[in-house]
Amino acid sequence: MVFERFATYVVDALGLEGALRAAAHFWVYDTLKILAILTAVIFGVTYLRTYFPPEKIRDYLDGKTAFTGYALAALLGIVSPFCSCSTIPIFLGMVGAGIPFGITITFLAVSPMINEAALFVLPGVVGLELTALYAVSGIAIGMTSGYSLNRLGFDRYVNEFEFGDSGVDIDEPTRRERLEEAYVEAKEIILEIVPYVLVGVGVGAFIHGYLPEQMV
Amino acid sequence: MNITVYGPDGCSNCTALKQTTEAVVERHDIDADVTKETDMTKLAAKGVMSTPGFEIDDEMVFSGSTPSEDELESIITERL
Chain A
1199 MVFERFATYV
1209 VDALGLEGAL
1219 RAAAHFWVYD
1229 TLKILAILTA
1239 VIFGVTYLRT
1249 YFPPEKIRDY
1259 LDGKTAFTGY
1269 ALAALLGIVS
1279 PFCSCSTIPI
1289 FLGMVGAGIP
1299 FGITITFLAV
1309 SPMINEAALF
1319 VLPGVVGLEL
1329 TALYAVSGIA
1339 IGMTSGYSLN
1349 RLGFDRYVNE
1359 FEFGDSGVDI
1369 DEPTRRERLE
1379 EAYVEAKEII
1389 LEIVPYVLVG
1399 VGVGAFIHGY
1409 LPEQMV
Chain E
244 MNITVYGPDG
254 CSNCTALKQT
264 TEAVVERHDI
274 DADVTKETDM
284 TKLAAKGVMS
294 TPGFEIDDEM
304 VFSGSTPSED
314 ELESIITERL
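These protein sequences, in sequence, are chains A and E.
Residue numbering for the first sequence follows the working numbering, starting at 1199 and increasing by one per position.
Residue numbering for the second sequence follows the working numbering, starting at 244 and increasing by one per position.
A few of these clues could be false.
Calculated lysine-lysine pairs in the DSSO-like style (CA-CA distance at most 27 Å, straight line) [to be verified]:
| hint | chain 1 | residue 1 | chain 2 | residue 2 |
| --- | --- | --- | --- | --- |
| 1 | A | K1254 | A | K1385 |
| 2 | E | K261 | E | K279 |
| 3 | E | K261 | E | K285 |
| 4 | E | K261 | A | K1385 |
| 5 | A | K1385 | A | K1231 |
| 6 | A | K1254 | E | K285 |
Source of the hints: derived by calculation from the structure; they are not laboratory data.
This structure is a prediction, so every number in the text was calculated from the model and none was measured.
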């Protein structure tokens, strides 16, 4: 692989030997690999996300009741992360549109809890089993909280609210606009996490190079 | 004109949008009041579900995205 060869080239060029060589190789190779995977996944996911604006989610959930509604809300929650600053307008928009209270809560609970980009990255890092556990428990927690808050009658705390009509046309964006949005957002996210990847993989590289295997 | 950016305090895109708007207004010497509304129920009352919301003279122009400075400039100047 090209990253592997590049990492070997770097440690060769620096003339590194022994544990330092192993650590440096690990650091360069894994940083590049993880950033490449993250870039591809985040770009893909942000592109897909442009197909699921909150207004559309609301329309999908409209008229659904009982188990289908909760399950659908949880699944839509996974594919549509939103900025936490939109929680209140989304909640009001859904309740205002007559989506049952419990289903709305399920959507709001699952959305920030399960990140679909993580679902792609985690299997390679922690294995399929833990990733599945993460997804299933997130969905279960979301569905249970929606269902139980509904059964406990918490909807009585929701004030009457008239959700307005914005007049903003939410026209289908063109493919170009979707790609542009995905590009801008992926760039922003990647730049934000680069330092963490560098430090995190650096810690891994140190362990890889210097800690005896029996200790790990 | 009156420009209102809807977005709560913790939303960095919303704060950035207000700053960009102010920069555009200042550069073109536009007579505009740029304010930020942090009460999200007001945004919902306008029928918008995603932040930031961008309103010029009671017309919600866009929401849920942050246009580039150039785009924002044409959005504002074409409404003069």
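Status of each hint after checking the structure:
Between the alpha carbons of A/K1254 and A/K1385 the distance comes to roughly 26 Å, so the proposed pair stays at or under 27 Å and holds. Simply put, E/K261 and E/K279 have alpha-carbon atoms about 7 Å apart, close enough for the 27 Å limit, and the pair holds. Between the alpha carbons of E/K261 and E/K285 the distance comes to roughly 17 Å, so the proposed pair stays at or under 27 Å and holds. Between the alpha carbons of E/K261 and A/K1385 the distance comes to roughly 21 Å, so the proposed pair stays at or under 27 Å and holds.
Proximity of A/K1385 to A/K1231 is assessed by CA-CA distance (about 17 Å); at most 27 Å being required, the pair is judged to hold. Proposed proximity of A/K1254 and E/K285 is supported: the alpha carbons are some 21 Å apart, at most 27 Å.
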